[in-house]
Amino acid sequence: MINRTIAPAFKEINQINLIQATPRLLDNKIKLFVVNAGEQELVRIEFIFNNVNWDVNHPLQAFVTNSLLIEGSRTMSSYQISERIDSYGAFIQAEYGFDQSTVTLYTLSKHLDEVLPIVKEILTEAIFPQEELETFVRNQKQKLLISLEKNDIVTKRIFNHALFGDSIYGYIVNADDYDKVDRNELVEYYRAAYQPDNCIIIASGKVDELIAQKINSFFGNNWENTVPATKNSFSFPETKGSLYYTEKPEALQSAIRIGQLSIPRNHVDFPALQFLNTVLGGYFGSRLMANIREEKGYTYGIGSGLVSLQNVGYFLIASEVGADVCTLTLKEIEKEVNLLRTELIPGEEIELVKNYMLGSFMGSLENAFSHADKFKNIYLAGLDYDYYTRYIQTIKHISAPQLLELANKYLDYNSFIIVITGKK
Amino acid sequence: MVNFNRFKLDNGLMVLVHEDPTTPMAVINILYNVGARDENPSKTGFAHLFEHLMFGGSVNIPSYDEPLQRVGGENNAFTSNDITNYYITLPAENLETAFWLESDRMLSLAFSEKSLDVQRNVVSEEFKQRYLNQPYGEVMLKLRPLAYKKHPYMWSTIGKELSHIEEATIEDVKDFFKKHYSPSNAIMVVGGAVTTSEVKILAEKWFGNIHPGEKYVRNLPIEPIQIEERREVFYADVPLDAIYIAFHVPAKTDQGYYEVDLITDMLSRGNSSRLYNNLVKERKLFTDINASLTSSADPGLLIIDGKPVLGVTIEEAELAIWEVLNHFSSEQVAETELNKVKNKIESTMVFAEMSLLDKAMNLAFFEVLGDANDFNKETERYLKISVNDIIQRAKATLTKENSSTLLYLANK
Numbered sequence: 001m002i003n004r005t006i007a008p009a010f011k012e013i014n015q016i017n018l019i020q021a022t023p024r025l026l027d028n029k030i031k032l033f034v035v036n037a038g039e040q041e042l043v044r045i046e047f048i049f050n051n052v053n054w055d056v057n058h059p060l061q062a063f064v065t066n067s068l069l070i071e072g073s074r075t076m077s078s079y080q081i082s083e084r085i086d087s088y089g090a091f092i093q094a095e096y097g098f099d100q101s102t103v104t105l106y107t108l109s110k111h112l113d114e115v116l117p118i119v120k121e122i123l124t125e126a127i128f129p130q131e132e133l134e135t136f137v138r139n140q141k142q143k144l145l146i147s148l149e150k151n152d153i154v155t156k157r158i159f160n161h162a163l164f165g166d167s168i169y170g171y172i173v174n175a176d177d178y179d180k181v182d183r184n185e186l187v188e189y190y191r192a193a194y195q196p197d198n199c200i201i202i203a204s205g206k207v208d209e210l211i212a213q214k215i216n217s218f219f220g221n222n223w224e225n226t227v228p229a230t231k232n233s234f235s236f237p238e239t240k241g242s243l244y245y246t247e248k249p250e251a252l253q254s255a256i257r258i259g260q261l262s263i264p265r266n267h268v269d270f271p272a273l274q275f276l277n278t279v280l281g282g283y284f285g286s287r288l289m290a291n292i293r294e295e296k297g298y299t300y301g302i303g304s305g306l307v308s309l310q311n312v313g314y315f316l317i318a319s320e321v322g323a324d325v326c327t328l329t330l331k332e333i334e335k336e337v338n339l340l341r342t343e344l345i346p347g348e349e350i351e352l353v354k355n356y357m358l359g360s361f362m363g364s365l366e367n368a369f370s371h372a373d374k375f376k377n378i379y380l381a382g383l384d385y386d387y388y389t390r391y392i393q394t395i396k397h398i399s400a401p402q403l404l405e406l407a408n409k410y411l412d413y414n415s416f417i418i419v420i421t422g423k424k
Numbered sequence: 001m002v003n004f005n006r007f008k009l010d011n012g013l014m015v016l017v018h019e020d021p022t023t024p025m026a027v028i029n030i031l032y033n034v035g036a037r038d039e040n041p042s043k044t045g046f047a048h049l050f051e052h053l054m055f056g057g058s059v060n061i062p063s064y065d066e067p068l069q070r071v072g073g074e075n076n077a078f079t080s081n082d083i084t085n086y087y088i089t090l091p092a093e094n095l096e097t098a099f100w101l102e103s104d105r106m107l108s109l110a111f112s113e114k115s116l117d118v119q120r121n122v123v124s125e126e127f128k129q130r131y132l133n134q135p136y137g138e139v140m141l142k143l144r145p146l147a148y149k150k151h152p153y154m155w156s157t158i159g160k161e162l163s164h165i166e167e168a169t170i171e172d173v174k175d176f177f178k179k180h181y182s183p184s185n186a187i188m189v190v191g192g193a194v195t196t197s198e199v200k201i202l203a204e205k206w207f208g209n210i211h212p213g214e215k216y217v218r219n220l221p222i223e224p225i226q227i228e229e230r231r232e233v234f235y236a237d238v239p240l241d242a243i244y245i246a247f248h249v250p251a252k253t254d255q256g257y258y259e260v261d262l263i264t265d266m267l268s269r270g271n272s273s274r275l276y277n278n279l280v281k282e283r284k285l286f287t288d289i290n291a292s293l294t295s296s297a298d299p300g301l302l303i304i305d306g307k308p309v310l311g312v313t314i315e316e317a318e319l320a321i322w323e324v325l326n327h328f329s330s331e332q333v334a335e336t337e338l339n340k341v342k343n344k345i346e347s348t349m350v351f352a353e354m355s356l357l358d359k360a361m362n363l364a365f366f367e368v369l370g371d372a373n374d375f376n377k378e379t380e381r382y383l384k385i386s387v388n389d390i391i392q393r394a395k396a397t398l399t400k401e402n403s404s405t406l407l408y409l410a411n412k
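Protein sequences appear in the order of chains A and B. When you number the first sequence by the numbering used here, it's gap-free, plus one each residue, and the end is 424. When you number the second sequence by the numbering used here, it's gap-free, plus one each residue, and the end is 412.
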């Protein structure tokens, strides 16, 4: 008979193999990065553009421009773009983020010759039809009405504004901001942001030399730079602890979001702070989950995160909890944060989190796309692959006193912005 | 093409192995052939509550999550109306830890009162977070009982009401375990950097001596064919009116399911689809509109959901949806339109092969439906569909008599 009370032996993870992106230059100097891996005859090509020329008087400029890229070009209507892409079984996604706007193509390699010209036209000859803009604005305004009924979204808006003010990260979008969007500002933004100087391309999947050459022949030529643009850059004053409470008398649950400004990925302490974050609220077995969900049953889920933006980061804890236990939950969160600052984390817990993080990192390298994502994380933060070597070393060798020091340096409950929507 | 080997232990546990040497990871996916449809109508939400309890410690191992995290693993689970599915991803070198943990909870749970108390609360909060405290969150709680009058798909996995979860007892938990959580009611898929011979040894070692239990024989009421239109109006504190229309469709194992799936894509996949292009873009009557399938083992639903533009009356909006649907049933469908959705399916299938966990889950689900290899035949089933099949299927499906309409209206 086997003894089921004893865990089988296990091995620590030693070797983690990253497939590195190979850089090359297109004829017009656009940087192309290739992650060539996988068995399937398919590719993902991402065109990434920095957000530029932030102007608080046109807060939706970058977002709406990105959203309307696929809504009409010189020779194709919105319907035709979609129809052609769909008929090749391909996918085009326009995605807007705080720091970058992206256009991503997914396609089977056999259709590249047909779909690349469509993407080229979108990136170089989008026309932003007035009618499409009006439809988009109408739909977005109605979506906003619904979003404002979701406590977690209301909470997030207030939290971001408290940390980042009227910057692109914190600006609170209201319906009249959509009404103010003018077609000309989209055309202007398109010229400034979607040009070769402001673009990088990441191709992943089975990307052989022939495919790389194809990318060059479409995007390395007949695409000229236009006007100089200024990449967005912000700095933020330290925040002081404060409470933002929005009462919803009918709420069954309260949404909670608390946190403070922190460090971005390119800060030397970032990997170690990620470790500390994992202990507190970064995985299923974390202290917040163990205490507030698994011990007390106050919530379906609670987590913490460390978010890296260009030149700044922030730390947050978020949950939706029963309206009657909101205050109790905050007390427990405060207790857990303070524990990290006053007591050493037991060695056994450090071992567990170490192994969990290494396994999770290895598991996140599932396919060519995930390797490309790993590259994107470092490249856009101005880092190179040494970062991952350092990340793994940090996780393997971190100590309890180090974590205590980090907690005192970066986590201060009294400096937290606390946002609650619901009841307390 | 997803290759696999298959063997069965003497106690009835079915094991499938998908060898994928391109990854250093392994996955173990265990599907228990029990879902919300197997629940007692007065104790709904139980299969899902039980899923939570599966993490509350087993007979020899007090904590499930901790030893797994300690070896670099991650896990989760979900419950549907059809099945309960548990999965682990971990470095393949530490595969045995997953066998140890999964076999112990198949052997027996700890049945801790404390765990039941806490998870009752957690699931109640989940009920609030996902269904009660969200705009339009109650849609499926209303639409299912409108569309199903006999079959247990009439309730959602979360249950009919909070009280069913609050009243669950430890005896209920024990009975449910005994009835459904035995080797003969489970399918295990192991995938990744593993070999079939190694999996055989580990499966025998850890699962081989678990008592086979009784094979659960499912005997569910059959939903009678709907013969007249059903309607319900529900007022709630939502900012905008919304329309939901559900149609009965064939089960996932039926070729008709694949026809309906393509119809669903033609209706709403992508900006060039019929509902979106016609109602959002051209006529500007809706801000968003979708069609989706419940993809279930027993006959499921095609559900259309839409939100009209402010100022458009709900009658006008509903009429417009029907115009698009009737057009579908009465006119010729162009070969090019059918090819468009087929190509999309074909590429989606290729992209899906990039995820090890998705492959393992699909193998398990198709195995419980009858044969894991049917997963590999899906593309073929889509490709053989003709224009005429689509028209016939649309005519039979998209009718008033087969529809259940829920108007989810804003309180004035």
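Just so you know, these hints were derived from the structure itself, not from any lab. All figures in this text were calculated on a predicted structure; none of them were measured in a lab. Backbone N, C-alpha and C define an ideal beta-carbon position, used for all residues, glycine too. Among the hints, a few may not be true.
Stated by the list, open to error - A partial selection of chain B residues facing chain A, derived with a Cβ cut-off under 7 Å:
{"hint": "1", "residue": "P91"}
{"hint": "2", "residue": "T287"}
{"hint": "3", "residue": "E353"}
| task | Find the hints from earlier in the document that the structure breaks and name them by number, from lowest to highest. | result | none
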